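Colleague: One letter stands for each residue in the lines below.
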Amino acid sequence: MIGSTKINVIVSQIKVLNDLVTCFEFKTTNGDLLPTFSGGAHTIVEMQDGVVLRLNPYSIMSDPFDQTRYTISVRRDDQGRGGSLFMHTKVKVGDEMVISYPVNLFSLDLRARKHLFIAGGIGITPFLAQIKQLERSNGYWELHYSTRRPALGTFVEELLEKYPHKVSPYYDEADQRIELTSLLSGQPLGTHIYICGPKGMIDWVRQEATDFGWPDEAIHFEEFLAPIPGKPFQAKLEISDKVINVGELQSLLEAVELAGVKAPYLCRGGACGQCETSVIEYDGKFIHRDHWLTDDEKASGLKIMPCVSRFEGKKLVLDR
Amino acid sequence: MTIQFNDESFRGDYTFTNSDHAIKRFPFPFHEDSYMYAVNMEQHQGGPTGSIYEKRFDVDEHYVSEMYDRKLVLAEDPLRCQSLPHMVMAGWDLLELIMVSKSEDYPDLFELHRDGTNWRWVNKPLSIDQSFIFLDETSLPYGPMEYITRQTQGDFCILDQRNDNLWMDAGMVTTQADWSLDFDIGMNFFEWHAPVPKAHEMGIFVRALKFLLSIQQGTPARRLNWTMTVNPLLDTSPENYHKWGVQKRTLTPENIGQKQYLRVELQTFFRLPRSNALVFPIRCYLINLEDLVSVPKWARRLHRVIRDLPIELATYKGFIDNRPMILDYLAPFDDGQPTSDGVWPD
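Chains as they are written, first to last, in my numbering: chain A, 1 to 320; chain B, 1 to 346.
Hints are computed from structural coordinates only; laboratory data are not their basis.
Calculated lysine to any residue pairs in the SDA-like style (CA-CA distance at most 20 Å, straight line):
#1 Lys210/B x Leu293/A
#2 Lys132/A x Leu135/B
#3 Lys132/A x Asp136/B
#4 Lys210/B x Thr5/A
#5 Lys132/A x Phe134/B
#6 Lys303/A x Phe211/B
#7 Lys210/B x Ser278/A
#8 Lys303/A x Lys210/B
#9 Lys114/A x Leu84/B
#10 Lys132/A x His86/B
#11 Lys6/A x His44/B
#12 Lys262/A x Glu42/B
#13 Lys262/A x Phe211/B
#14 Lys262/A x Thr219/B
#15 Lys6/A x Pro220/B
#16 Lys210/B x Glu276/A
#17 Lys199/A x Thr294/A
#18 Lys199/A x Ile287/A
#19 Lys317/B x Ser180/B
#20 Lys210/B x Gly273/A
#21 Lys6/A x Pro264/A
#22 Lys6/A x Gln216/B
#23 Lys262/A x Gln216/B
#24 Lys162/A x Asp66/A
A short list of chain B residues far from chain A (calculated; beta carbon distances all over 10 Å):
#25 Ile23
#26 Arg56
#27 Ser131
#28 Tyr142
#29 Asp184
#30 Val206
#31 Thr250
Just so we're clear, the structure is a prediction, and the values are computed from it rather than from any experiment. We put the beta carbon where it would ideally sit given N, CA and C, even for glycine.
Make the full structure from the sequences, and use the hints.
Modeller: Next comes the structure, spelled out in structure tokens:
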């Protein structure tokens, strides 16, 4: 019963931002207004790639108050399973697509006196919507944005032009690094920190902030994992009495859905916990990749998050 | 107007009445002959025509009088309506949700005209015609949450969502079953549910919280809750216990049919889009035993539920002392026949 309501949209604009990132704008097919949302929300984009239906989450980066369009950015991943490549190579202006209602798992804490944003690479996108939201209510924010080189610093110019005193860019290739020590020690009481970017960056900032004595409640982060390709495997779904084959480029969740079995989900990126599935029997090893299960749960062999985790072995029976 | 609004009171002379139509659509809460806690959630996406589930915010014959009663409660005790500073956006979310829903669901009673942020709200039953600027608090006579909930039946809790928990950070609470917003404000989901017996051990709240945290835009949910109240009192608050608690002693075998009410709450849950908060409207419906037993299935079933309810629950719900008298009244209506599944009359 949990899942999200769908919206039929048309691709109204495609903008290539640089070598890696392309921006897509959606409007509703019937001309209705889109639902409002809060900064940090994502939408699940459905991609019919041949026989495979891919559902990938992307942060909505447009103005939360603009109900005429949603904009997302997709970073091309040549090693991925093909979702981002599908968006980059197959999707054209005028195409009809299906997206989900917005879901926010990375919401602003509206109690914060100041919002400190730390972005790495494509992790900038949720902050773009949050900045627009805060600007409307005269919110106090600051952005530190790290990318590999200026050419990949998507949106840097636009941000610097609009908010020259609030935005600081850093480029790895110029050996520029966010000075976390001075940044974290110089914040006013009531500041909340938000991190979105590669895993290494998230771990680094969280650790430093914790070491400085920042309370957990003031540290927010979002890392959606994309499912990774892996060896094909078979699973039995006990309740629905079906045997499914999970292909190399398919996630276990996608294979369950393709078999016509309803499974709950929200983020499809190993973070929200909705798709947690009990393992009834197994002979083999799990490749757990989610942020949801505890280490003990992962070691127990009793649970799997089918959106991002896989299995290698002879037998897997799921309570689904 | 399609609804004939009653002129009635929920205090003093208690002139509250249910019409035959109101009795027929009463949300009888027991789908079987016994009751125990459950996370009995379902989607809130309409329901049978004329039922209380049909519209997003049900408006019935008691609307105008309930709003007058709320005004009286607030005049005596302004702390029944509170909103912590970070909940202003959620208040606008709620105002938008209710105005849009009511104007779409009851176009003959309510109108909303929007031109950018210039909005005009027309509430015909309460004779209100208000132009204001959306998101500009100075353009309304009250804050956005207070403004709209002075015009909407039911209590409202706005729950902020953070740290994988829900926090009671704003609300309008004047028709409550013995709990206090002023006491609970700022508490999290487990803290404000701490007094409920048995349910913690049963793991009910852990499951309920998990469900609520994942409610998303476009998929509101609902459930029913219930208790018993002597006299048609909307305001059974701890703040006023000294006024209504003693009334529980006024029941006699002669007056119990008129004075003892089954109190049912329709609880709904909506994700608020701009703030990502969750709003939890709690709508109270009252029916006295005399009206309830006019539906034979409900009479039989209520007798069995009340008779078999665990002692802790009857105590928590505040009718343990009156239970024998309630059972004496209901017993003659229970002929021992089986009852059909579900809540609807046969």
